[in-house]
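K.L.:
If you follow the hints, you should be able to join the two separate chains into one complex; please do so.
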Amino acid sequence: MGDGIFRQKNGMVAIDIVASCGVMTPEQLSGLARLSEECGVFRIKLSTRQTLVAVLDEKGAGRLVESLPGLGLKVSPYGNVVRAVKACAGSSALCPRAVGEALALGIEIQDKYLGMEVPKDFKIAVAGCLRGCTDPYCADLGIVSSGREVFDVSIGGFGGSSKPLHGEVVARRIKREDVFLLIDHVLNRFRALGEPGEKLGRAITRLGLTPFLPPAGVKEAQQAPPDDFVKFLED
Amino acid sequence: MRYAGPAGMDLEKMAVPLENICSQCDYKGTPDCREPECLMGFARRVLSYAVQKGLLDVPGASSLIPKGDFKHYYPEALVPALAETCRQCKECRDNHTPDCVVALVRSSVEYTVLSDSIPYPGSVFMYLARIKEQNPELAALLAGELSKKG
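Chains as they are written, first to last, in our numbering: chain A, 1 to 235; chain B, 1 to 150.
I should point out that these hints are in silico values taken from the structure, not numbers from a laboratory.
Check before you lean on any hint, since a few could be wrong.
[To be verified] Straight-line Cα separation of at most 20 angstroms, DMTMM-like style, residue types lysine to aspartate or glutamate; simulated pairs:
#1 LYS45/A to ASP3/A
#2 LYS74/A to ASP57/A
#3 LYS163/A to ASP121/A
#4 LYS71/B to GLU35/B
#5 LYS28/B to GLU234/A
#6 LYS9/A to ASP57/A
#7 LYS74/A to GLU27/A
#8 LYS219/A to GLU149/A
#9 LYS120/A to GLU198/A
#10 LYS53/B to GLU149/A
#11 LYS67/B to GLU37/B
#12 LYS28/B to ASP235/A
#13 LYS53/B to GLU101/A
#14 LYS120/A to GLU195/A
#15 LYS112/A to ASP184/A
#16 LYS67/B to GLU35/B
#17 LYS132/B to ASP116/B
#18 LYS45/A to GLU58/A
#19 LYS231/A to GLU37/B
#20 LYS53/B to ASP227/A
#21 LYS53/B to ASP235/A
#22 LYS231/A to GLU35/B
#23 LYS175/A to GLU66/A
#24 LYS67/B to GLU234/A
#25 LYS71/B to ASP32/B
#26 LYS120/A to ASP184/A
#27 LYS13/B to GLU145/B
#28 LYS53/B to ASP228/A
#29 LYS53/B to ASP10/B
#30 LYS53/B to GLU234/A
#31 LYS120/A to GLU168/A
[Stated by the list, open to error] A few chain B residues that face chain A, going by a derived Cβ cut-off under 7 angstroms, partial list only:
#32 PRO36
#33 ARG45
#34 TYR49
#35 GLY54
#36 LEU55
#37 LEU56
#38 ASP57
#39 VAL58
#40 PRO59
From the three backbone atoms N, C-alpha and C, an ideal C-beta is built for every residue, glycine too.
Looking at chain B on its own, in the form it has when it is part of the complex (with noise of 0.2 angstroms):
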């Protein structure tokens, strides 16, 4: 039997690039490691929670974004998980939400990199041009990311 599933996402791919930022951070397996306080730990819990719940929207969850973290990320490690979460956006324009799985995956992404987080045009391609606008270097990086397969 096929399932159409929810608009076809594939949050389990999403989880992937994060756990390798995790395996990389010095805090991993020590007592420092606290995921809610964390940028990466906490996009890992809402994968989690989507997953286990079944659901694609958490509202009010854009609130608890840890934006406290200030750990030091390499650009080139979180590409991947920002190219992921670009391939897995439905491109929901109008109805975009920051509350959406995607949106708190990728804005907590952002926060390590960007001083603010990009409002959501609700497209990949109007995306893309506004972080070219903030972050150029990242830009490239992303851009390259995304013409790999995924």
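Bound conformation, chain A alone (with noise of 0.2 angstroms):
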């Protein structure tokens, strides 16, 4: 595992910032501006995980390294690790279209997973509804709210490489806490089967799927309306 501190053939240093799934308070993001202009940083960009990727010279970046923390931020881990969680605005409070509560989960499933090892780099992405704006079914694990506390998983899919894989559903509309029974089981079956360097796709099409299936306890829950439009329409 490493860090996600990059030389660029310009001479200069990328560093890969995390946030809490590309949240940001406006404190957060106007004391990274500071920092930035403090430290020297020369272009900042957006990148397709929803992490901030600032390029400096060099002799800024230790500072910057050193100043994340202080705004709730941190460098991204890279390599053969869990990465940055991709996650869509799906909340009650951001999207009309969100069918569950996609971007809290995210966040809590980055801060759980972020940075542990696995044979080849695992990317994580949840979606809110079925339009899956985060590309779920490209993501080595990818959730989609299918009601308001369920969740349908995917796993083995990735979008890059000259043959892209789509991940297989394994699990159907299951409860949030399942989704993480779900998660341990996957990481854990893939650190123990997955080759070096082997995509978990690629370990799939190797042994099956069945390897990686859920649990016994990771069962289908009922689909129930929301309470409150459940009283909304009696009363």
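P.N.:
Have a look at this one:
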């Protein structure tokens, strides 16, 4: 495992900064802007994984890295680890199409799993509805809200390479807590069965889906309309 | 300031033909007017809830459509409501869900005149074709209504 700090062809250094699935407070954003100016940051690029890549001369890089925790930010881990989680705006506060609280789930998943070592980089995408703005089927593990507190989970996808794969759905309409049981299970199996440098999707192609299927306790939950809707209907 | 809005849907516009149907109902204003048990009442409440909450999907709500409402409705009165759902439909195709607010209203209206709700194909054109298979007269009325300016 390494940190997302990269020497650029132009001699500068790029630092990959991770926030809570791309969500920042104004204080974090303005603090980062001030810090960037003080450290001589040349440009900041938004990444496809909802991180920020600051490009600057090496002399200011150390100070930038050291100051990030003070803003509640950090350097994104890089290499064969669980990467920054990509989550859409799916929440009752931000997206009218969201059927569940996907953003909060994505943030919690990132807090728990970011940087954990695996045979090959492991990308997680969370979406609040089946439109899948974060391309969940192109992630090693994709999660899609299928109800207010229930989620579908697919595994084994990846969008990159010359031979991309779509993930396969291994669980439908499972509870939030079961999503974590399933991620634990998939990561454990991947660490045990994956070859070094092998993507999860390739491991599934080699071994079949069975070793990665959800543990017995993870079951489909019943669909129930929101309580406040039922009350609204009856009042 | 211009807002992109949630797919540009006008939910309040969908409520107007439903209110017209209700205003002609014999039960309107009587103790027997029970909205949760009435297809039109359910559709109106779905719209009110969605507008109030700023939602376009109500997960699981399709299971609450009161299919036991067997009141008689005239197709001519229902067609404007059905047409408005077609106008507001964003033709989500693969992303269609029966718990979409537009789909909930459309299904509620369909149950009044069709023996069963039509599985929505995510496209207005294909929808009309399916209605025609089940009820050619309704399809003709709907096509006529849709050809009017909404």
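K.L.:
Does each hint hold? Answer for all of them.
P.N.:
To see whether the hints hold, each was checked on the structure:
1. Using a Cα cut-off of 20 angstroms, the hinted pair LYS45/A and ASP3/A holds, with the two alpha carbons roughly 17 angstroms apart.
2. Distance hint between LYS74/A and ASP57/A is fulfilled; the C-alpha atoms sit about 19 angstroms from each other, no more than 20 angstroms.
3. The suggested pairing of LYS163/A with ASP121/A holds, with an alpha-carbon distance near 16 angstroms, which does not exceed 20 angstroms.
4. A hinted pair counts as satisfied when its Cα atoms are at most 20 angstroms apart, and LYS71/B with GLU35/B qualifies at roughly 13 angstroms.
5. A distance of roughly 17 angstroms separates the Cα atoms of LYS28/B and GLU234/A; the hinted pair therefore holds under the 20 angstroms criterion.
6. Taken as a hint, the LYS9/A and ASP57/A pair is honoured in the structure, with Cα atoms around 12 angstroms apart against an allowance of 20 angstroms.
7. Distance hint between LYS74/A and GLU27/A is fulfilled; the C-alpha atoms sit about 15 angstroms from each other, no more than 20 angstroms.
8. Pair hint LYS219/A plus GLU149/A holds up; C-alpha atoms about 14 angstroms apart against a cutoff of 20 angstroms.
9. This hinted pair checks out: LYS120/A and GLU198/A have alpha carbons roughly 6 angstroms apart, not beyond 20 angstroms.
10. Taken as a hint, the LYS53/B and GLU149/A pair is honoured in the structure, with Cα atoms around 17 angstroms apart against an allowance of 20 angstroms.
11. The suggested pairing of LYS67/B with GLU37/B holds, with an alpha-carbon distance near 8 angstroms, which does not exceed 20 angstroms.
12. As the CA atoms of LYS28/B and ASP235/A are separated by approximately 17 angstroms, the hinted pair is consistent with the 20 angstroms bound.
13. Distance check on the hinted pair: LYS53/B and GLU101/A sit about 15 angstroms apart at the alpha-carbon level, within 20 angstroms; holds.
14. Straight-line distance between C-alpha atoms of LYS120/A and GLU195/A comes to about 8 angstroms, which keeps the hinted pair within the 20 angstroms bound.
15. Using a Cα cut-off of 20 angstroms, the hinted pair LYS112/A and ASP184/A holds, with the two alpha carbons roughly 10 angstroms apart.
16. Only pairs whose Cα atoms come within 20 angstroms are accepted, and LYS67/B paired with GLU35/B is accepted, the gap being roughly 13 angstroms.
17. Taking the CA atoms of LYS132/B and ASP116/B, the gap is about 14 angstroms. The hint holds against a cut of 20 angstroms.
18. This hinted pair checks out: LYS45/A and GLU58/A have alpha carbons roughly 17 angstroms apart, not beyond 20 angstroms.
19. Distance check on the hinted pair: LYS231/A and GLU37/B sit about 14 angstroms apart at the alpha-carbon level, within 20 angstroms; holds.
20. For a cut-off of 20 angstroms, the pair hint linking LYS53/B to ASP227/A stands: about 13 angstroms separates their Cα positions.
21. Under the criterion of a C-alpha separation no larger than 20 angstroms, the hint pairing LYS53/B with ASP235/A is consistent with the structure, at around 16 angstroms.
22. Between LYS231/A and GLU35/B the CA atoms are separated by roughly 13 angstroms; this keeps the pair inside 20 angstroms, and the hint holds.
23. Between LYS175/A and GLU66/A, the direct Cα distance comes to roughly 38 angstroms. Violation of the 20 angstroms bound is thereby established for this hinted pair.
24. Distance restraint check for LYS67/B and GLU234/A: the Cα-Cα separation of roughly 16 angstroms lies within the 20 angstroms cut-off, and the hinted pair is therefore satisfied.
25. For the hint linking LYS71/B to ASP32/B, the alpha-carbon distance of about 12 angstroms falls within 20 angstroms, and the restraint holds.
26. Between LYS120/A and ASP184/A the CA atoms are separated by roughly 16 angstroms; this keeps the pair inside 20 angstroms, and the hint holds.
27. Using a Cα cut-off of 20 angstroms, the hinted pair LYS13/B and GLU145/B holds, with the two alpha carbons roughly 15 angstroms apart.
28. Simply put, LYS53/B and ASP228/A have alpha-carbon atoms about 10 angstroms apart, close enough for the 20 angstroms limit, and the pair holds.
29. Annotation: proposed proximity of LYS53/B to ASP10/B holds, straight-line Cα distance about 14 angstroms (limit 20 angstroms).
30. Taken as a hint, the LYS53/B and GLU234/A pair is honoured in the structure, with Cα atoms around 17 angstroms apart against an allowance of 20 angstroms.
31. At most 20 angstroms may separate the alpha-carbon atoms for a hinted pair to count; LYS120/A and GLU168/A meet this at roughly 18 angstroms.
32. Annotation: PRO36/B was flagged as interfacial toward chain A, and the flag holds, the nearest CB pair being 5 angstroms apart, inside 7 angstroms.
33. Residue-level restraint check for ARG45/B holds (minimum Cβ-Cβ distance to chain A is 5 angstroms; threshold 7 angstroms).
34. Interface hint at TYR49/B: satisfied, since its Cβ lies 5 angstroms from the closest Cβ of chain A, which is below the 7 angstroms cut-off.
35. Checking GLY54/B against chain A: minimum C-beta separation of about 5 angstroms stays under 7 angstroms; hint holds.
36. For LEU55/B, the interface hint holds, the least distance from its beta-carbon to any beta-carbon of chain A being 6 angstroms, beneath 7 angstroms.
37. Because the beta carbon of LEU56/B sits about 5 angstroms from the nearest beta carbon in chain A, less than 7 angstroms, this interface hint is met.
38. Below 7 angstroms, beta-carbon pairs count as interface contacts, and ASP57/B has one with chain A at about 5 angstroms; its hint therefore holds.
39. Look at VAL58/B: its Cβ gets to within about 6 angstroms of chain A, closer than 7 angstroms, so that hint holds up.
40. A cut of 7 angstroms between beta carbons decides the hint on PRO59/B: the least distance to chain A is about 4 angstroms, and the hint holds.
Hint 23 alone, counting from the list given before, is not met by this structure.
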